[in-house]
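J.: One letter stands for each residue in the lines below.
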Amino acid sequence: MAYSEKLIDHYENPRNVGSMDKNESFVGTGLVGAPACGDVMKLQIKVTPEGIIEDAKFKTFGCGSAIASSSLITEWVKGKSLDEAGAIKNSQIAEELALPPVKIHCSILAEDAIKAAISDYKSKNGAADAAE
Amino acid sequence: MNELKAKPIYLDYQATTPTDPRVVEAMLPYFTEKFGNPHSRNHSFGWEAEDAVEVARGQVAKIIGASAKEVIFTSGATESNNLALKGVMKFYGKKKPHMITVVTEHKCVLDSARHLEQEGYKVTYLGVKENGLIDLEELKAAITDETALVSVMGVNNEIGVIQPLKEIGAICRERKVFFHTDCAQAVGKIDLDVEDMNIDLMSISGHKIYGPKGIGALYVRRRPRVRVIAQITGGGQERGMRSGTLPTPLIVGLGKACDILSNEMAEENARIKELRDYTLQRFRDRLDDIYLNGDEEARVCGNLNVSFAYVEGESLQMDIKNIAVSSGSACTSASLEPSYVLRALGVDEELAHTSLRIGIGRYTTKEELDEAIDSISTAVERLREMSPLWEMAQEGIDIKSIEWAEH
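Line by line, the protein sequences are chains A and B.
Start counting the first sequence at 1; every next residue gets the next number (the working numbering).
Start counting the second sequence at 1001; every next residue gets the next number (the working numbering).
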């Protein structure tokens, strides 16, 4: 399968690999996928009191497209507000990395991961944020 | 581009093998000056080609302990398997409409069996034990008065395990059931003797044994005689079982490949086994949490099917561009199904996604393996650093205890 240069670059030089302390109140964690399906994505965001994503980290078990999708989304969400980050669509990721059709699910997983991280952050920080 | 790209290291000998230069050399005259049709009876061009075909038939027969008359040439093991299953069942099926095969067989056996089922024949699919081998008691219990055929492969293409052919042959002979075995991966790797093993039909492939692609053979026993209904009809060549002009150069190549193995396989397999054991040991020394799939003893020397836990197989392959291996995980389909063979062994699905098949063969060197071991291990280490499952394992979290949302 021929992959795009951008995809290979993210796979070979993944951005923002790592972990944050999931118990910190300013950290939101999303863990999506399943080992039996061949991909698991963990995406974490560090959020400022103003609701801006200051930092993002990921760890992914999965194919090259899954790793590249998670690497790309960590780059994209940094500096964004929670609403902006939550509005990222999987199709944007698929387009940026030129994912082949059989790999579209990797971009869906990345979208699910950021949504899960945002919702984890919101639930940790109580109804105040969630109700905004 | 002036930049010379280093040739990748080939470690996929179960997929195919390069044609041995000695085989190519033997074939060449039959493309040009000795081009005759082996079925032409009226001139020397035909006789010359026919003689060459008969020499090759003898060479193929020799490596499996058969007589030359029992070998018919086909386009490859896929055709041989089709002919064996469909040919036998369609001849004997009126009285005995049942056959038995195994869930880990090659797709062409399983698909032939499916087609037979659609036509009303009955098929029993035996499971395998954790080591990939069938349970002989289960086989015995599956045979009925209606069973015409048992088809069990000699060596599995993915995990390299060797089925107990002699024991299976004895059971089939006692119960008066024909025994077919797909030996595409077994010829040249293990000693085969159709008499000693009571094999009635055997499929053979050219390109798995350093012969050319597009040629194979089917052994069909003459005493007691096994009848098959031809699947390709026409001029009645190959005793009516397989019509079509025989491809003399390819047949000469298959014969030569068998001849080389007859002389060299003991020595070759000893060398390959040493390389295989060395490779596995070095992986085990360097990496934790790696698992060999399939029986460690009852397996051919050139096959290492290893799961590198917590690292997905396809991403691993992407990282080792300089090495040609096969992944047990077919993450290219929307269904993300891991190998059906590994699943049949009861390998956890998450481990099945982490497997590589490393195939060692005639031209593999220790230097190549050293480079491959290093490259694969480095990739595994890098990808584990990136793997949330590895992180959880290090923290002592059992990944089975988590409720995953399967997608």
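Check each hint, because a few of them may be wrong.
[As the list claims (entries may be wrong)] When the alpha-carbon atoms are kept at most 30 Å apart in a straight line, the in silico BS3-like pairs for lysine-lysine are as follows:
no., chain 1, residue 1, chain 2, residue 2
1, B, K1007, A, K6
2, A, K57, B, K1007
3, A, K57, B, K1400
4, B, K1062, B, K1166
5, B, K1140, B, K1166
[To be verified] DEER-style ranges, computed between Cβ atoms:
no., chain 1, residue 1, chain 2, residue 2, range
6, A, P100, B, D1145, 45 to 53 Å
7, A, I8, B, E1381, 18 to 26 Å
8, A, F26, B, I1397, 19 to 27 Å
9, A, E24, B, H1115, 40 to 48 Å
10, A, F26, B, G1396, 22 to 30 Å
11, A, I8, B, D1277, 34 to 42 Å
12, B, R1286, A, S19, 51 to 59 Å
13, A, A2, B, D1277, 20 to 28 Å
Calculated from the structure, these hints are not laboratory results.
Every residue gets a Cβ at the ideal spot worked out from N, C-alpha and C, and that includes glycine.
J.: With reference to the structure, classify each hint as holding or not holding.
T.: Going down the list of hints, with the structure as the test:
With a C-alpha separation of about 24 Å, the suggested pair K1007 of chain B and K6 of chain A falls inside the 30 Å cut-off, and the hint holds. Taking the CA atoms of K57 of chain A and K1007 of chain B, the gap is about 36 Å. The hint is violated against a cut of 30 Å. Straight-line distance between C-alpha atoms of K57 of chain A and K1400 of chain B comes to about 24 Å, which keeps the hinted pair within the 30 Å bound. Taking the CA atoms of K1062 of chain B and K1166 of chain B, the gap is near 18 Å; set against the 30 Å cutoff, the hint holds.
For the given pair, K1140 of chain B sits about 14 Å from K1166 of chain B by alpha-carbon distance, which is consistent with the 30 Å threshold. Between P100 of chain A and D1145 of chain B the C-beta distance comes to about 52 Å, which sits within the given range of 45 to 53 Å. Between I8 of chain A and E1381 of chain B, the C-beta spacing of about 20 Å keeps the proposed range 18 to 26 Å intact. Taking the beta carbon of each, F26 of chain A and I1397 of chain B are about 23 Å apart, inside 19 to 27 Å as hinted.
Checking the proposed 40 to 48 Å range against E24 of chain A and H1115 of chain B shows it is violated: the Cβ atoms sit about 60 Å from each other. Hint check: F26 of chain A to G1396 of chain B, Cβ distance near 26 Å, so the stated range 22 to 30 Å holds. The supplied range of 34 to 42 Å is met by I8 of chain A and D1277 of chain B, whose beta-carbon atoms lie about 35 Å from each other. One distance hint, 51 to 59 Å for the beta-carbon pair R1286 of chain B and S19 of chain A, is violated here, with the actual separation near 24 Å.
Between A2 of chain A and D1277 of chain B the Cβ separation comes to about 37 Å, which falls outside the hinted range of 20 to 28 Å.
Hint violations for this structure: numbers 2, 9, 12, 13, all remaining hints satisfied.
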